[in-house]
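Peer 1: Each chain, written out:
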Amino acid sequence: MKIDEIRKFKVGETIKYYGELIVMRDAAQRRLRELIAGSKELPIYLGGKIVFYAGPAKPPKNSKIGAIGPTTSERMDEFLEMLYYLGVIATIGKGKRSDLAVELCKKYQRVYFIAPSGAAAYLSKCVINAEVIAFFELGPEAIYRIEVRDFPLMVAIDSLGNQIF
Amino acid sequence: MIFKNEIVKKVSELIVEKNCIINEEVKVFLDEYRGPFSKVLKENYKIAHDEGLPLCQDTGLVEFFVFIGNEVKLEEPIKDTLNEIVETVYIHNPFRYSIVADPLFERKNTQNNTPAVVHVFETPGNKLEIRFLIKGGGSENLSRLYMMRPSSNIENFKRAVIEHIKENGAKGCPPLHVGIGVGGTSDMAMVLSKLALTKDFKERNSDPKYANLETELVRELNELKIGFQGLGKGVSVFSVHIEVSPTHIATLPLGIAADCYLCRKGVIEFEDR
Numbered sequence: 162m163k164i165d166e167i168r169k170f171k172v173g174e175t176i177k178y179y180g181e182l183i184v185m186r187d188a189a190q191r192r193l194r195e196l197i198a199g200s201k202e203l204p205i206y207l208g209g210k211i212v213f214y215a216g217p218a219k220p221p222k223n224s225k226i227g228a229i230g231p232t233t234s235e236r237m238d239e240f241l242e243m244l245y246y247l248g249v250i251a252t253i254g255k256g257k258r259s260d261l262a263v264e265l266c267k268k269y270q271r272v273y274f275i276a277p278s279g280a281a282a283y284l285s286k287c288v289i290n291a292e293v294i295a296f297f298e299l300g301p302e303a304i305y306r307i308e309v310r311d312f313p314l315m316v317a318i319d320s321l322g323n324q325i326f
Numbered sequence: 682m683i684f685k686n687e688i689v690k691k692v693s694e695l696i697v698e699k700n701c702i703i704n705e706e707v708k709v710f711l712d713e714y715r716g717p718f719s720k721v722l723k724e725n726y727k728i729a730h731d732e733g734l735p736l737c738q739d740t741g742l743v744e745f746f747v748f749i750g751n752e753v754k755l756e757e758p759i760k761d762t763l764n765e766i767v768e769t770v771y772i773h774n775p776f777r778y779s780i781v782a783d784p785l786f787e788r789k790n791t792q793n794n795t796p797a798v799v800h801v802f803e804t805p806g807n808k809l810e811i812r813f814l815i816k817g818g819g820s821e822n823l824s825r826l827y828m829m830r831p832s833s834n835i836e837n838f839k840r841a842v843i844e845h846i847k848e849n850g851a852k853g854c855p856p857l858h859v860g861i862g863v864g865g866t867s868d869m870a871m872v873l874s875k876l877a878l879t880k881d882f883k884e885r886n887s888d889p890k891y892a893n894l895e896t897e898l899v900r901e902l903n904e905l906k907i908g909f910q911g912l913g914k915g916v917s918v919f920s921v922h923i924e925v926s927p928t929h930i931a932t933l934p935l936g937i938a939a940d941c942y943l944c945r946k947g948v949i950e951f952e953d954r
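Residue numbers (my numbering), protein chains in the order written: chain A, 162 to 326; chain B, 682 to 954.
Straight-line C-alpha distance at most 20 angstroms; calculated SDA-like pairs for lysine to any residue:
#  : chain 1 : residue 1 : chain 2 : residue 2
1  : A       : K201      : A       : I294
2  : B       : K847      : A       : Q324
3  : A       : K219      : B       : T795
4  : B       : K914      : A       : E174
5  : B       : K723      : A       : I176
6  : A       : K286      : B       : I702
7  : B       : K789      : A       : R192
8  : A       : K286      : B       : V721
9  : A       : K225      : B       : I728
10 : B       : K720      : A       : Y179
11 : A       : K286      : B       : G733
12 : B       : K720      : A       : M315
13 : B       : K720      : A       : E174
14 : A       : K286      : B       : H730
15 : A       : K219      : B       : H730
16 : A       : K219      : B       : I702
17 : A       : K219      : A       : G300
18 : A       : K219      : B       : T791
19 : B       : K906      : A       : F326
20 : B       : K720      : A       : D311
21 : A       : K219      : B       : G733
22 : B       : K720      : A       : I176
23 : A       : K219      : B       : E694
24 : B       : K723      : A       : D311
25 : B       : K789      : A       : V293
26 : B       : K847      : A       : I325
27 : A       : K171      : B       : G913
28 : B       : K723      : A       : T175
The calculated label-pair distances, taken between Cβ atoms and stated as ranges, are:
#  : chain 1 : residue 1 : chain 2 : residue 2 : range
29 : A       : E298      : B       : I772      : 12 to 20 angstroms
30 : B       : N822      : A       : E195      : 20 to 28 angstroms
31 : B       : E705      : A       : K222      : 24 to 32 angstroms
32 : B       : P784      : A       : G209      : 31 to 39 angstroms
33 : A       : E195      : B       : M829      : 38 to 46 angstroms
34 : B       : E952      : A       : E292      : 45 to 53 angstroms
These aren't lab readings, by the way, just hints derived from the structure by calculation. For each residue, glycine too, the CB sits at the ideal point set by N, CA and C.
Given the sequences, and given the hints that come with them, work out the whole structure.
Peer 2: The structure is reproduced here in structure tokens:
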């Protein structure tokens, strides 16, 4: 998905997403922030990416990914400007975000989607491919690249700063 | 003697079941729900059931409430048995290791989902009752303690609960089960609020005054229209339970805990014959 498409979404709209997502949550974002503060090189490139706030369960036998679903986005608000600065075009999580996040979506014209929470068995079936791409040692909090199909999303904050909650 | 093997077998099975099979009381609400993502939520419990996947990727911190009769003999401290159970269950199932050892500095994952939190209470008799919550982090972050003024009235009490859920309810995967601990000390009120979450939705406090208060809170919290996923459709809370304890003349502790819409919990009883 391109940034121009992202900007067309209106709050409340539901879509089925096909494509790539970068999975990360609290611990990985904290590490990215520390690397940036120390002027170190980042292990991943986030330009044009969509970040999914999640930490998957262990995969069952013969599966690439285990149960996966959104975590509370509000905890990630302190990292949102960093993600936008790094080129992230949208984020996916669950629940209401702070006023700061709404302001940042408006300022950078980016979007926040919610995915259904507590539906991790279902969402794992939408994942076609998954690999750890950074911070392997963080276990469920490592950074993953996943490819999804038919992934249910709803626009919770649009690029004009309108929000559903 | 209640043998360790028996406890291990039965509690292990129950923890797996509660992670993968939808709570029967929740299912009734879920099947009636028609709002956003309703199809996904219904499909989810079917897939979890059929494939042995957990309903939620956050397979929680397991919190136990153990009531041990004074005539009960065990092979080892119950805490050791329960931690061994959690370790084995979480290693052998497609669950998530969600526990970090040091909370502030390293936050290093323990890689087996232990330690569990175990509260032990003594009771008279020959029974061993084990209650547990599979407690996700999202709903756990909704926990609050208010040290209210002892002169507070029922309205003040209700207002504190309602305001808290109004502000934060949408973050904890609603509809919620709300647990309230009132009285005791600050720590006790919080433990009681969690114990309240182990009750079935239809149970009511044995004291009619508190039973009424529970019913009133269910009604008033549902007027908040938080709804499934915080999107305003369907109920906002499934139930409210209040646990009560005597307190100091100068205090009125109010502990609030919330469980997410999956309400993954179990109760099992053993008898020492």
